Amino acid sequence: MKNILTIISKEFARFFKDRRLVLGTLLLPGLLIFLLYTLMGSVLYDDSHTYTVKAVHLSPTFAQIFAAEEGEEPSVRFEEIAASEAEAAKEEILAGNCDALIVFPEDFDAILAGGSYAPPGGENTPNVQIWYDASSGNSSSVYSLMRSALDTLEDNISNRFDVNSPAAGGGSLTSGEEAAASFYAQLMPFLILTLLFSGCMGVAPESIAGEKERGTIATLMVTPVKRSELVVGKVVSLSVISALSAISSFIGTFLSMPKLMGGNIGDLFAAYSAWEYLALFAVMLSAVLLIVSLISILSSLAKSVKEATTYSVPLMIVVMLVGLSSMLFTTSVPAAHLIPIFNCVQVMSAIFAGNFSAVNLLIALGSNLVYIVLLVFALARMFKSERIMFNR
Amino acid sequence: MQEIIRAEDIRKTFHLSRKQRQIERSKTGKKVALDGLSFTAYEGEIYGLLGPNGAGKTTMLRILSTLISADSGEAFVAGHSVSREPDKVRASIGFLTGELKLEDFFTPDYLFGFFGRLHGLPEEGIRARKEELFRKFGIDAYAQVKVADLSTGMKQKVSLVISIIHDPSVIIFDEPTNGLDVLTAKVVTDFLLELKGQGKSIILSTHIFSLVEKLCDRVGVIIGGRMAAEGTLDEVRGGKSMEDAFFDIYKREVTGK
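Residue numbers (this note's numbering), protein chains in the order written: chain F, 1 to 392; chain G, 1001 to 1257.
Among these hints, one or two may not hold up.
[Unchecked claim] Calculated cross-link-like contacts (lysine to aspartate or glutamate; reagent style EDC-like; alpha-carbon spacing at most 16 angstroms):
#1 G:Lys1146 <-> G:Asp1104
#2 F:Lys384 <-> G:Asp1071
#3 G:Lys1155 <-> G:Glu1123
#4 F:Lys384 <-> G:Glu1085
#5 G:Lys1101 <-> F:Glu213
#6 F:Lys90 <-> F:Asp133
#7 F:Lys17 <-> G:Asp1071
#8 G:Lys1146 <-> F:Asp18
[Claimed, not checked] Across the chosen pairs, the derived CB separations fall in these ranges:
#9 G:Ser1081 <-> F:Leu36: 56 to 62 angstroms
#10 F:Leu5 <-> G:Val1145: 22 to 28 angstroms
#11 G:Asp1234 <-> F:Arg381: 44 to 50 angstroms
#12 G:Arg1025 <-> F:Phe281: 54 to 60 angstroms
#13 G:Glu1003 <-> F:Phe377: 20 to 26 angstroms
#14 G:Glu1074 <-> F:Ile317: 56 to 62 angstroms
#15 F:Arg381 <-> G:Ser1081: 18 to 24 angstroms
#16 G:Asp1244 <-> F:Asp18: 38 to 44 angstroms
#17 F:Arg381 <-> G:Glu1003: 30 to 36 angstroms
#18 F:Leu5 <-> G:Glu1074: 33 to 39 angstroms
#19 G:Phe1247 <-> F:Arg381: 44 to 50 angstroms
#20 G:Gly1054 <-> F:Ala378: 29 to 35 angstroms
#21 F:Asp18 <-> G:Val1182: 32 to 38 angstroms
#22 G:Glu1074 <-> F:Phe16: 43 to 49 angstroms
[Stated by the list, open to error] Counterexamples of contact, computed for chain F against chain G with all Cβ distances above 10 angstroms:
#23 Asp18
#24 Glu70
#25 Ser75
#26 Glu106
#27 Thr219
#28 Val222
#29 Pro224
#30 Leu280
#31 Thr330
#32 Ser367
#33 Ala380
Keep in mind the hints are simulated off the structure, nothing from the lab.
Only a predicted model underlies this, so the values are computations on that prediction, with no experimental measurement involved.
All residues carry an ideal CB built from backbone N, CA and C; glycine is no exception.
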């Protein structure tokens, strides 16, 4: 036990005394994820922008759709122009001075009020032209807005029935919170597994294949420390560091996800109980140990860090594919929770969906513990093999 | 005299990788490194394994230090079997080879403490031993400098003191002066004689004849994985210089004359 602690303290010293490693593995992933997702969310849900649209024969009915509430800025500001100015307006769109040009038929409101059926693509079918710049985000967005508004107008004038009208009822049987939980249940296991794997990949190959490559592991092997103590010390310290890296990424994801989805951080904090967070932590920890053990085995087989990284790529693909499984299906069958990694995905998915079973959690944690012990045992055997440890 | 190391009919064959097969021009994919090697080293003596590159010297020392195992045969170090009691063997030996490296990131001070704890030394014992060895080898001034920033000679000195941190009774050095400047090489050879004076048993491998003549009490000449000649320094030399004696032995082994 004393030797294991000595190995762990050395691995920690190697990591925590190296500012670049700490910055690159612990701080930057979480910070970058938070900034990136927050930025994406800000852009996606930015409704403060006012689009400028030039309009020929502007329809009052159409313009009314974009009319702002009192005291608010309109989302689209229309500037009426003459038909002869249309070509100049197109140049302005390309120059970025205006977002779009919409050209209505002269009698557009009369068509809305009493027009007859006009077959799509027909010779005499009235046409609304929308000119925009597909390479510009704002121009494309306002095009989509106006297109959608025109489709709604068209639906309204030919309406025969409503679907889920507020007065008559109909709609989702689950609440908004439940719908959000379902979304997180599908997405989060994949994200968490990917982050955990990245954390492990950042440290495990360096610690084992790197030491083999540099010849420093042989120095440890001529001390009285047992191979099993060496392996346990390495796996435990790597797991802690990987878990810290994963937690950093997780915090970044967790804090930025509501923003990315257009919600609030508080909604997510309030959605789960302390017991559910504890269960999530236990599953993440078992996943980290499992992944670290697997990457350590591949690193032991490799002659260099580069080779270890190459060996780990197929494993990463498998883990990510398994992570995606929660988007396709979920299962509460206890036997399915014996499958490593898949069981972590299923339990995490159930936790986020708010319907996880304690039995399945215990089966997953118990079976993972058995796999981890077997993998550590195999790793200790590999550390005893001269063909594996001295295959430089 | 009490025997401290005994090797009995040690055989070791390496399986070559595809790349190594091309280099060695081997059709079998195997290389016999040791072919029934036997020898005995006695307590308080310096035993030298002399031979050309690829003769099997390093392989024998790696087996004695438990880094690798023999295919057959048995070896004992300080009364412990290297195959059955590797932990006890490792606790009894100090092993130094160019193959063993120190982590560049750490300082000699940190590494000394780390390896001291792995050898089960108490903190007070580590401190006292560090003071003694660092002063002797002039490492004090560099104790807080990262290994990466040390010169080759200083790195070798740090490796040396770390290998003997636990005051082992048996010291196994593979090519102890290889790659060292003359000053550091002198420090190492003088220290080996000092260790011998303290009653330590030393086995070293080398292909430097002068080193054998200066240090060794007994010599084993290995050629092609076999013991071509063994005995006291005078017995092996047979009245000649070590260099002349070696080439006579080599010629006899290779040509059969």
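Could you tell me which of the hints above the structure violates, numbers in ascending order? 3, 7, 13, 14, 16, 23, 27, 28 and 29
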